[in-house]
Each structure stands twice: as structure tokens, then as C-alpha cells.
Amino acid sequence: DMSLDEFDNAYNPNDTGRTATLESLENGDYQLMVQSAELTTTERTGEQILRWVYVVMSGPSGVGTVVESVNFFRSQVAVNLLGADLALLGLPTHEWTVANGKPFSRMLKQALPQLDNVTFSASKVTVERNGKTYHNLRIRGRSTAPASMPTLEKARLPF
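Each residue of the sequence shown is one higher than the one before, starting from 267 at the first, in this note's numbering.
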């Protein structure tokens with residue numbers, strides 16, 4: 267016969283085994299780090315998606331939390347917006363054209379691993395439209411690495 271007290275020591279309502287989504291974050295400005303960005307398919311419909319996993323580095327809520335979001339490829343506008351976001355993260359997406367021999371579909375797959383551990387600033391925004399609530403991440407740009415301390419070599423006096 268099971269007793270509830272066997273769960274007492276490891277009880278943690280924050281450890282649900284589920285990854286948080288953008289919905290769990292308050293609106294506001296964040297620093298996020300990309301843990302992974304991968305092309306995959308939805309379990310239910312088999313639709314191709316881009317799944318992002320971020321770590322919240324700073325912001326109004328969820329610091330230290332792992333958060334997941336997805337991009338759907340349902341329209342040309344959605345794909346173009348993704349390209350614009352990826353450019354803000356430092357990828358040369360303006361070069362990804364058929365005319366350049368670098369079609370978006372191929373270049374996206376090749377480029378995703380370069381996003382691992384990239385830190386960036388973004389705003390989480392909630393939008394109400396047609397009775398639905400959308401939780402969006404507006405990427406503002408890649409974060410510059412903190413300036414390193416000058417080394418002894420750089421700081422050496424000229425005499």
C-alpha cells in the first residue's frame with residue numbers, strides 16, 4: 267500500500283518533467299541563451315517545425331528556467347520573419363537565396379548548430395487576436411560577450 271510520505275524528500279512542484287513555454291514568462295525584456303534549435307516534427311500531426319530550447323539568463327521572471335518555443339512553417343511571411351530573427355542572431359540569412367545557390371531550406375539545416383550557446387536579448391510580448399492569446403518572442407539582437415579583463419600582455423607598460 268503506497269503512502270504519500272515517500273514523496274516528501276524529493277517533492278518539488280517546479281520539477282514537473284515538462285519544459286516551460288513562453289506562456290510561463292511574464293511580458294518584458296530578457297537575456298536568453300540558445301540551448302538547442304532543431305528541425306523536427308510535431309507528434310500529433312507530423313508537421314515540420316523548428317523547436318527552440320532556451321535558458322533564461324535574466325529578465326522579469328523565470329531566471330534559470332529552460333523554456334521551449336516553436337516556429338511553424340505555415341506561410342511565406344512566417345518563414346521570412348524567421349529569417350529576419352536568425353539574421354538578428356548573427357546568421358547571414360540575406361545570402362540564403364536560390365540565386366546564390368544557397369536555398370533557405372538547405373542553409374537553415376546547416377546553420378542551426380551555430381546557434382547553440384548564443385546569448386541574445388528579446389522581449390516577450392502577449393498579443394490578443396481574434397479571441398486567441400499569442401505569446402511571442404521579439405528578438406532584438408545577439409548579446410555581446412562581456413568585455414574580458416585586459417591581460418598582462420595588453421596592459422604591459424612601454425618601458
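Keep in mind the hints are simulated off the structure, nothing from the lab.
Keep in mind that a hint or two might mislead.
Said to hold, decoys possible - Dumping the calculated DMTMM-like pairs for lysine to aspartate or glutamate here, alpha-carbon to alpha-carbon at most 25 angstroms:
| no. | residue 1 | residue 2 |
| --- | --- | --- |
| 1 | K398 | D295 |
| 2 | K398 | E289 |
| 3 | K375 | E394 |
| 4 | K368 | E309 |
| 5 | K375 | D295 |
| 6 | K398 | E292 |
| 7 | K368 | E289 |
| 8 | K398 | D351 |
| 9 | K375 | E292 |
| 10 | K375 | E304 |
Evaluated hints:
1. Proximity of K398 to D295 is assessed by CA-CA distance (about 23 angstroms); at most 25 angstroms being required, the pair is judged to hold.
2. Using a Cα cut-off of 25 angstroms, the hinted pair K398 and E289 holds, with the two alpha carbons roughly 13 angstroms apart.
3. Between K375 and E394 the CA atoms are separated by roughly 32 angstroms; this puts the pair beyond 25 angstroms, and the hint is violated.
4. Under the criterion of a C-alpha separation no larger than 25 angstroms, the hint pairing K368 with E309 is inconsistent with the structure, at around 30 angstroms.
5. For the suggested pair K375 and D295, the alpha carbons sit about 29 angstroms apart, so the restraint of at most 25 angstroms is broken.
6. Restraint check for K398 and E292: the C-alpha separation of about 17 angstroms stays at or below 25 angstroms, so the hint holds.
7. Of the pairs offered as hints, the one joining K368 and E289 is violated, with about 35 angstroms between alpha carbons and a cut-off of 25 angstroms exceeded.
8. The straight-line distance between the Cα atoms of K398 and D351 is roughly 23 angstroms, inside the 25 angstroms bound, and the hint therefore holds.
9. Straight-line distance between C-alpha atoms of K375 and E292 comes to about 31 angstroms, which puts the hinted pair past the 25 angstroms bound.
10. A hinted pair counts as satisfied when its Cα atoms are at most 25 angstroms apart, and K375 with E304 qualifies at roughly 8 angstroms.
Violated hints, listed in ascending order, are 3, 4, 5, 7 and 9; each of the other numbered hints is respected by the structure.
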